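Please work from the sequences and hints to get the whole structure.
Same order as they appear, the protein sequences are chains A and B. Residue 262 in the UniProt record's numbering is what sits at position 262 of the first sequence, and the numbering runs on without skipping anything. Residue 262 in the UniProt record's numbering is what sits at position 262 of the second sequence, and the numbering runs on without skipping anything.
FYI, nobody ran anything at the bench for these hints, they're computed from the structure. Bear in mind the structure is a predicted one, so any value in this text is a computation, not a measurement. The beta carbon of each residue, even a glycine, is placed where N, CA and C say it ideally should be. Just so you know, not all the hints are guaranteed correct.
To be verified - Covered stretches of chain A, as calculated for chain B (at least 3 residues, CB under 8 Å):
#1 142 to 150
#2 163 to 170
#3 199 to 207
#4 214 to 223
#5 236 to 247
Here is how the chains run, residue by residue.
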Amino acid sequence: MSGERRTPQSLPVLPEAPADPGRRSFMRTAAAGAAVAALSGCGLEDFFRKSFRELSKGDVQKVLASLERKHSAKYGRAVTVSGAPAQPGVEFGYGLDLSRCVGCRRCVYACVKENNQSRKNPQIHWIRVLEMDKARGVDLAHAEVYYEADQVPRPGHFYMPVQCQQCRNPPCVKVCPVQATWKEPDGIVVVDYDWCIGCRCCMSACPYGARHFNWAEPTLPKEELNPVTHYLGNRPRPKGVVEKCTFCIQRTRAGRYPACVEVCPVGARKFGNLLDPESEIRRVMDTKRVFVFKEELATHPQFYYFYAT
Amino acid sequence: MSGILGFLRGCARLVARGNRAYYAWLGVLAAAILIGLLAYAHQFRTGLIATNMRDQVSWAFYVGNFTFLVGVAAAAVLLVIPAYVYEWEPIKEVVILGELLAVSAITMCLLFILVDMGRPDRFLHILPLLGSPNWPHSMLTWDALVLNGYLALNLTVVVHILYKGYRGEHYNRKLIVPLVLASIPGAVSIHTVTAFLYNGMAARPFWNASILAPRFIASAFCSGPAVMIILFQILRKTTRIAVKDEAIFKVAELMAYAMFVNLFLLGAEVFKEYYSATEHLLYTQYLWSGIGPHRALVPFAWLALACSVSAFLLFLVPRTRRNFVTLNAGCVLIWAGVYIEKGMGLVIPGMTPDTLGEIYEYRPTATEWAIAAGIFGVGFLVFTVLVKVAVPIMTGTFQAPDRAADHPSPGKSAAVA
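Below you can see the structure in the form of structure tokens.
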């Protein structure tokens, strides 16, 4: 497929993250990890910790290492938890070609796999693909999320995938009572899962249904875990907190495409650095007519829809 | 110090003693609380999946109850304004009961928020210094601030007046009058901020109407006093507290005005939605006529309207307002009407359909009902205990031993506000 194994030329490439020393010897540290997990389980360690943004650099390293031990012990394999910060001169932008999208929902499941979402009871999808009637245009009252996948694309219909729009004016960030969610300098709206109190104000505020709540302990089979994680992204989440699309922060900050871009069989998804004139997303914006979803709400998304043909 | 200990011992004795009806009442409350605790233990273990809330309808029954009870708490002001601003005598005796009601209502509000949290163990995160409150941006931070402030204010007033009454002394006017005056904007602010919590969300057109806060205040001025009226009658039958008919009828008259404003604002909103008929009409439609087969709220919406309109008529006509049978029926109707309107009728249509147009029909689970019953049990228990202590102080039968000898009967005028 043309959409796979593309090199994201326009993306700044970071060196590979240094190998975690705990990775090789994780079996030896598993016991210690279990102890840490037990401590976190009873809440004392988490209870008195500061929020991620207020931690000193040294404390960040300690927290990341502790999470790596905890997750490695729980899932029985080496899990890395990166804390890679935003790179200067990068502001991510996303383009989605509605004339190409066929509604196959491969993006939905690639996202679930990449980002360690709960598989069932509840099943969490960060991307929702809406089937819409061509005659009505973008009309949410008549949109259908639960259409039959083997019949796509249905005649007379078009498909509109919706995920976090990474608003420049994010209503979800404004309403959070504890500053557990914020917009990073590279434009990604993130959640500190260890600080979220689960009040779900952000879910009420989001016009795009992009935020999802862990109503129960997430079900993530050990063998299906993606062990390459980021603190603000796809690391395993506890129950009772909100999660959302982060443009695959663990990939994009390391110079890769988001999983949904990579998997799209028709190349409907474009991604890149808005500040780089040579980037793919800038080519879209220079040559196509783009629009943002629910522009009347002045959320100013960094996610652009367009019709290429 | 021994005075305070003696006071507390006396309070404990008062609370422990009572007739058979009192013990039966305590038994009912204890059962409700126990059921609530068991249900909460289940929810705490399994997560909020024990409720029927989902991503599409992420706030529901708990938040609806919270909203309704904020209104009940705010309603104390309806009694405080005439008592203190206009020096209207008959009502002064019962102001303290309004404040006791506010204390128990806020207790329930805080509990409903606690059970709605995904991570209640992290409640410290909203506190200054220990946590990182998003102030002034987040309305929930404001709500926590004003609710706790209002609770502290009412507790201070109540405890001071009651303790002074117990000591047979007059309360400190320099302390109490400013606090009571401050509780008037305090009551308005708790309900306004709660309205703003919904109001500020552009993603939810059903809430994003500037009429929302005035509607909240208007409906609160109906529901809170409805409780008070029934309560006054119970108290004057079972205790030596004398509440004049005149005071009750005055409160009923104020409720008629408040209900008129409430219904008028509702009409204004319904007109705007149906006449302009934009895509935002959908939420109003879901409430009043349903969308296709999705009609879960429709019977409740019309029931609430029927209750509110008939209660309004009962309170409007002086003859039915002054007849205790119709008056009490009106109070119950108002309660039912506002409870439905401010609870499910506000929260659920705000969330249905969701922001991407999906319709998820929410109905509370047994767990949610049980937890709500438990919280109401706690609220009623708090109120019962407070009244059990307050009434003997107000009637002068519960007094410090040394004072009782000096001042055989200080009377109500010194003991109550």
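Which hint numbers does the structure go against, in order from smallest to largest? 2
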